[in-house]
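Asker: Hey, can you work out the whole structure from these sequences and the hints?
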Amino acid sequence: MHEIEEKELEMVKGGGISPWIAVGIGAVLVFIIGVYDGFTRPLSCHK
Numbered sequence: 001m002h003e004i005e006e007k008e009l010e011m012v013k014g015g016g017i018s019p020w021i022a023v024g025i026g027a028v029l030v031f032i033i034g035v036y037d038g039f040t041r042p043l044s045c046h047k
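For the sequence shown, the residue numbers in this note's numbering are 1 to 47.
No lab work stands behind these hints: they were computed from the structure.
Just so it is clear, CB atoms sit at the ideal spot from N, CA and C, and this is done for glycine as well.
Take the hints with a grain of salt, since some may be wrong.
[Stated by the list, open to error] Here are the simulated distance ranges between beta carbons:
| id | residue 1 | residue 2 | range |
| --- | --- | --- | --- |
| 1 | G15 | L43 | 33 to 43 Å |
| 2 | L43 | I21 | 28 to 38 Å |
| 3 | E6 | L43 | 48 to 58 Å |
| 4 | L9 | G34 | 55 to 65 Å |
| 5 | R41 | H2 | 37 to 47 Å |
| 6 | K7 | L43 | 55 to 65 Å |
| 7 | E10 | L43 | 49 to 59 Å |
| 8 | A22 | C45 | 31 to 41 Å |
| 9 | L9 | F31 | 33 to 43 Å |
Answerer: What follows is the structure in structure tokens.
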């Protein structure tokens, strides 16, 4: 077996999707759901 050195360990890339991409996808989904909810269930302003 070959033990991985600290520099090699820092260079290892894995996972698949960056956290910022996940946050962006989540924000887009929340926005689209909000727009859909606004069209299907419009609420009037209570003045």
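Asker: State, for the Cβ atoms of E10 and L43, whether the hinted interval 49 to 59 Å holds or is violated.
Answerer: Holds, at about 51 Å.
Asker: Should the hint that L43 and I21 are 28 to 38 Å apart at their CB atoms be regarded as holding?
Answerer: 33 Å, holds
Asker: Do the Cβ positions of L9 and F31 conform to the proposed distance bound of 33 to 43 Å?
Answerer: Holds, since L9 and F31 (Cβ atoms, about 38 Å apart) stay within the stated range.
Asker: 48 to 58 Å was suggested as the range; check whether the CB atoms of E6 and L43 agree with it.
Answerer: 56 Å, holds
Asker: Given the hint of 33 to 43 Å, is the C-beta distance from G15 to L43 inside that range or not?
Answerer: 40 Å, holds
Asker: A range of 31 to 41 Å was offered for this pair. Does it hold for the Cβ distance of A22 and C45?
Answerer: Once the Cβ atoms are compared, 34 Å apart, the range 31 to 41 Å for C45 and A22 holds.
Asker: 37 to 47 Å was suggested as the range; check whether the CB atoms of R41 and H2 agree with it.
Answerer: Since R41 and H2 have Cβ atoms about 60 Å apart, the given range 37 to 47 Å is violated.
Asker: Could one say that the CB atoms of L9 and G34 fall in the range 55 to 65 Å?
Answerer: With Cβ atoms ~42 Å apart, the hint is violated.
Asker: Just to be sure I understand the hint, the distance between the Cβ atoms of K7 and L43 should be within 55 to 65 Å; is that true here?
Answerer: 57 Å, holds
Hint violations for this structure: numbers 4 and 5, all remaining hints satisfied.
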